[in-house]
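The lines below spell out each chain.
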Amino acid sequence: MMHDYGSFSFDSKAEVLERSKEYWNPDKTQFWSNAGVDLVIDKREGYFLWDMDGRRLVDLHLNGGTYNLGHRNPEVVAAVTAAMEQFDIGNHHFPSVARTALAERLIQTGPVGLTRVAYASGGGEAIDIALKSARHATQRRKIVSIVKAYHGHTGLAVSAGDDRFSKMFLSDRPDEFIQVPFNDLGAMERALIGRDVAAVIMETIPATYGFPLPEPGYLEGVKALAGRAGTLYIADEVQTGLMRTGELWGITKHGINPDVLVTGKGISGGVYPIACVLLSDRAGKWLTEDGFAHMSTFGGAELGCIAALKTLEITTRPEVRSMVHYIADLFGAGLAEIRGRYPDWFTGIRQNGVIFGLEFNHPEGAKFVMRQLYEHGVWAIFSTLDPRVLQFKPGILMNDALCDEVLDRVEVAVQKSRDDARTGSGTAA
Amino acid sequence: MMTVDTARAGHMLEQAHWAARGYSTFDAATVQRIVAAVADVAYANSQRYAEWAVQETEMGVVADKVRKNQACSKGLLEFYAGQDFVSPRVQVQQKMVQIPRPAGVVLAITPTTNPVASVYFKVLLSLMTRNAVVVAPHPRAKECCADAAGLLGRAAEEAGAPIGIVQVVDEPSIPLLTALMKDERTDVIVATGGSDVVRAAYSSGNPALGVGPGNVPVMVDHTADLKAAAERIVASKAFDNSVLCTNESVLVVEESVSSQLERAMAHAGAHVLDQESTDRLRSYMFFGGHLNTDVVGKDASWIAEQAGFRVTAKTRLLVAPIESVLPDDPMTHEKLSPVLALVRVPDVQRGIGACRAVVRIAGAGHSAAIHSEDPRTIMAFTAGVPVLRVAVNIGASTGCSGLGTNLAPSMTIGTGFVGGSSIGDNLEPAHLLNWAKIAYNADISAPMDSFAGLDPAHAPSGRTPAYPMASNATHSSISASALGARVEAAVSSRLPHGATEQFRDEIRQLVAEELSQLLKG
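From first to last, the protein sequence lines stand for chains A and B.
Going left to right, the first sequence walks through residues 1 to 429 as this note's numbering numbers them.
Going left to right, the second sequence walks through residues 430 to 950 as this note's numbering numbers them.
Be careful, since some hints might not be right.
As the list claims (entries may be wrong) - Listed next, the in silico SDA-like pairs over lysine to any residue satisfying Cα-Cα at most 25 Å (straight line): (1) B:Lys-611 to A:Ala-401; (2) B:Lys-611 to A:Pro-74; (3) A:Lys-43 to B:Glu-613; (4) B:Lys-656 to B:Gly-698; (5) B:Lys-524 to B:Asp-872; (6) A:Lys-416 to A:Tyr-342; (7) B:Lys-611 to B:Ser-632; (8) B:Lys-611 to A:Gly-46.
Unchecked claim - Here are some chain B residues the structure puts well away from chain A; computed CB gaps all over 12 Å: (9) Ala-510; (10) Tyr-869; (11) Met-877.
Derived by calculation from the structure, the hints in this document are not laboratory data.
None of these values were measured; they are calculated from a predicted model.
Ideal Cβ positions, reconstructed from N, Cα and C, are used throughout, including at glycine.
Taking the hints into account, I'd like the entire structure generated from these sequences.
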């Protein structure tokens, strides 16, 4: 059967995989084949993906929340489609209607104290802007993040993260980028005591590390320490924002008004790339001194602004906020029940809203579960920096029937993955 | 075409669906507490909403609307006291057990004529039967209805109902209503309003309870207590200026007692018109056979003045004598105003014929009334006139709506198959749920187990849904309510108006909860 995609076509999935290895990324392509996840995404709609071979998967990966509102959300698609009659990427040098409208809306709905918005084309670039802004504002160079942090792959962002992604590109800079263990206020205090740190950057719940939850009081403590040291607090809300914790921004549940807030992924509506940096007066000082100091042709592309505005409008509907609470409640209870049946294997649930890290009793436990979920119609991914933990990320517009169905699928996958891990079959990649 | 409005309305239904899912597990005691709390608040605001409704719609009479609001709040509570739509019913003899299954999401379309009473009525019926309800008011009564539905919803949530159990469409429009009716998340539509709305409900593809229009004949025979009949008819027609669909439209009276009845009616506040005034009234009230909706729910004296003649300010009702009941005369159609057509007939048999003719014009399956002391006439009348309720020796407006009779008190009057409706009774809670039946082997040798004390429902353990606390939150860390307050403090106050208000209400509720727990413990 021919797979015709309009601008191009392939004879088979095998052909795609072969050419993918040849022209795109041989290692990554091979990795997934070895992992038993032979997925090439074809059709996509709502919270469903279809593999080229026609198999349907429920998407609980959502690319870290990119598809928070589902794939090709009809409202976002309609907004962007209509906007294409008038807009394109725009010209980043000039004031723009779309960028202004989105910035105003972000500030209106954002934490108190954030006053301006800078735009990027993706999360990494947005983190770079946040770190540059902090360095300019404080005239300090050091950045503190947590061990196993992940903030993206661009210049400064990659240095702030785990060296898994920086060393190989000779981009680790331990002298300027200090890492302290998560949930260790003492270590944070020692890192900040020299009053030479520009910013502490924290994901509100570190995603790639498997969503370990900040201990009660930890983030609040970090914010207080940063305040005392004249250090800015950057809230990386790329994966915890946009109602995933049951509030628009997860950081507000901690009572923290950050100096900088970064959003990406989901703010695009999954349709047009955009990322945003919300800055306080202090952090955004460069915007009044030299507005040309950071530039980005695609950053704040006007079509992206339209997608983001619609995304924000949908996400902030009171009905949607309430729905997220219901979904969180249902999954929390359902997963706890399943865990109760397999307590030796399914050892823990980390949850805040619809953000879940599911802990399994094997150093690479989540890879076994991921594979069985894949076999049983669900796509959810292990945590790169802690493969014991499965990232489990239901969308915020899921209906209850789909939630129930997912729980049924999870139950089967948990049971089978336990058997796989015991016998060593279906070995994790 | 999906607009912001329809998309958002879809999310209202989705939220309602979640709320209904939670509410369907609640036990009888909790449901009763929630229903009582809502009825109390509704009752306490009867006057305010009666005034508001009259002001906004320019229809009806405040005092009568107060009575309807009271009947549709505390009245309903009293009428259904002791009835349980929640607990299983064990039928040992039949070897069956029945478990109630609520409809889920009720889409309640409410009319402009009885706006707030209908909101009260449909919300309370939904809550009694563990349904969520989304109210879609008539655009001309949207403000009072939205406010009332909001108030009732908050009262329900404060009493422990799931968040989103009662919602309302603030800005109703026909495309929006159509989208809501067709949406698969709507479980049942309860449509009251014009026949277009009812037909749209039935053609939506979703289950619907819609009722046809009324056009109520009332007959007075020679056996009737004429003074009492006159007073009752005048009071009924004057009630809320005839906006109830059960109000009398055409009076059919035996000739032998007609002048006596007319005098008694005049004494009670009716004005019997002469030929010229009747003609003026007819041409003012109907253009091209259609009712001039300006007259709906207006005072009799105002209508007379508009038609071009004067009556005293005390006149409660205009009586327009006509020769016969033929569809060509618009006076024989529904008028929804204190204007009553009058036909004199030689005998009871021809009276029944005239009443059949009224209902043939409009109002099949709806209501009729008779004032008579002769049960044979009453029986013949009921058998002959194709309606589903006949009020005897009481005004039709209230009597057929279950106020002052033992019919179910209702703002939605089923017109049955003959009237294009799926229900023939006055709408009552039982219409909003099904029963799952456990059926044992009927053979005498197969025993039936005891179900005594078994109930799948239970009291909720806290707010539904629980506030999403982090799973590692400890007792010593922050409470859900304090967390809510914290979030509010952390976001700017420049959210759109509606969102902020709802959000603030939620916070206030959480804070109140926390305070009361502190005081208790």
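Hints, verified against the model:
1. B:Lys-611 to A:Ala-401: holds (19 Å)
2. B:Lys-611 to A:Pro-74: holds (18 Å)
3. A:Lys-43 to B:Glu-613: At roughly 24 Å apart (the allowed maximum being 25 Å), Glu-613 of chain B and Lys-43 of chain A satisfy the hint.
4. B:Lys-656 to B:Gly-698: Within the cut-off at roughly 13 Å; holds.
5. B:Lys-524 to B:Asp-872: Answer holds: Lys-524 of chain B to Asp-872 of chain B is near 10 Å, not above 25 Å.
6. A:Lys-416 to A:Tyr-342: Given that 25 Å is the threshold and the Cα spacing comes to 11 Å, the pair holds.
7. B:Lys-611 to B:Ser-632: holds (9 Å)
8. B:Lys-611 to A:Gly-46: holds (20 Å)
9. Ala-510: holds (32 Å)
10. Tyr-869: holds (29 Å)
11. Met-877: holds (31 Å)
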